[in-house]
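For the sequence shown, the working numbering assigns the number 2 to the initial residue and increments by one for each residue that follows.
Check before you lean on any hint, since a few could be wrong.
Stated by the list, open to error - The calculated DSSO-like cross-link candidates involving lysine-lysine, where the alpha carbons are at most 27 Å apart (straight line), are: (1) 161 to 58; (2) 111 to 170; (3) 161 to 176; (4) 58 to 170; (5) 161 to 143; (6) 111 to 176; (7) 143 to 176; (8) 143 to 170; (9) 111 to 143; (10) 58 to 176; (11) 143 to 58.
To be verified - Pair by pair, the computed Cβ-Cβ distance ranges are: (12) 156 to 80: 18 to 24 Å; (13) 157 to 195: 15 to 21 Å; (14) 59 to 10: 30 to 36 Å; (15) 140 to 62: 23 to 29 Å; (16) 78 to 165: 49 to 55 Å; (17) 61 to 211: 32 to 38 Å; (18) 83 to 185: 35 to 41 Å.
Rather than coming from a laboratory, the hints here were simulated on the basis of the structure. Backbone N, C-alpha and C define an ideal beta-carbon position, used for all residues, glycine too.
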Amino acid sequence: MTWKTMNRSEKMEHIWAYYRVHILFAIAVCLILGSLINNYWLNPAPDIVMDITIRTKSHDVVYARQLEDTLNRQVMNVAENEALMIEFLEIDPEISPTTTMTSEARFMGKSSVMALDILVVDEENKDFLMENQFFMPIEEMKADMEGANLVERLEALGAKDIDGKFLMKLDYFPKLRPLIQDEEENYYVGVFALSSHSEDIITVLNYLLEE
């Protein structure tokens, strides 16, 4: 049987039999190139210019995306390719040890490259992070007028720092509270000690403490 004597179906079978690897490789290359073009040229991921990391056992993802959108559109003065991100890191070794290990690794990775800004943590995590000097001193937050005004607003509401750190109970931030579904646990809002985004942090926290 020659190529000329084959019908259309036989020709397709012949091509698939002898060039299958080449065809699959070409398809894979096209998919990879398409993904790269989409991610880097057509729809590039935004640069994360501010981060809110929440270490919790239960959370509301839908509300988080709504709040994230509001902060980016109405509160933060960001460029088109920049964004604030809210990220949940699930910490519950009894229910999901694998997820907890992944979350811990992610958290330590973010802290090592100083990709943390605002932290929301429960009682147990608060104590651990306090011991390891994760939170910014409140006097550092009060170093400029805007930060001092923020602390003054919180103190007027009855909020108190913990051991001289900018670490307040979550209840003083009404717009953050719905993120946490575990109402029996005490949660706290703090600022990462090595954050370099103090101006944006102050702007966001001022918004989050409003009713």
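Taking the hints in turn, this is what the structure says about them:
Between residue 161 and residue 58, the direct Cα distance comes to roughly 25 Å. Compliance with the 27 Å bound is thereby established for this hinted pair. Taking the CA atoms of residue 111 and residue 170, the gap is about 23 Å. The hint holds against a cut of 27 Å. For the hint pairing residue 161 with residue 176, the CA-to-CA distance comes to about 19 Å; that is within 27 Å, so the pair holds. Taking the CA atoms of residue 58 and residue 170, the gap is about 17 Å. The hint holds against a cut of 27 Å.
Restraint check for residue 161 and residue 143: the C-alpha separation of about 14 Å stays at or below 27 Å, so the hint holds. For the hint pairing residue 111 with residue 176, the CA-to-CA distance comes to about 24 Å; that is within 27 Å, so the pair holds. This hinted pair checks out: residue 143 and residue 176 have alpha carbons roughly 23 Å apart, not beyond 27 Å. A threshold of 27 Å between alpha carbons decides the hint, and for residue 143 with residue 170 the separation of about 18 Å falls inside it, so the pair holds.
For a cut-off of 27 Å, the pair hint linking residue 111 to residue 143 stands: about 25 Å separates their Cα positions. Pair hint residue 58 plus residue 176 holds up; C-alpha atoms about 19 Å apart against a cutoff of 27 Å. For a cut-off of 27 Å, the pair hint linking residue 143 to residue 58 is broken: about 32 Å separates their Cα positions. Evaluation of the 18 to 24 Å hint for residue 156 and residue 80 yields a failure: the beta carbon distance comes to about 34 Å.
The hinted window of 15 to 21 Å between residue 157 and residue 195 is violated, with their beta carbons roughly 28 Å apart. The hint said 30 to 36 Å for the Cβ distance between residue 59 and residue 10, and at roughly 57 Å that hint is violated. With their beta carbons about 36 Å apart, residue 140 and residue 62 fall outside the hinted range of 23 to 29 Å. Taking 49 to 55 Å as the suggested C-beta distance range, the pair residue 78 and residue 165 does not conform, at roughly 31 Å.
Our hint of 32 to 38 Å for residue 61 and residue 211 is violated, since their Cβ atoms are close to 19 Å apart. Look at residue 83 against residue 185: about 37 Å separates their beta carbons, and that is inside 35 to 41 Å.
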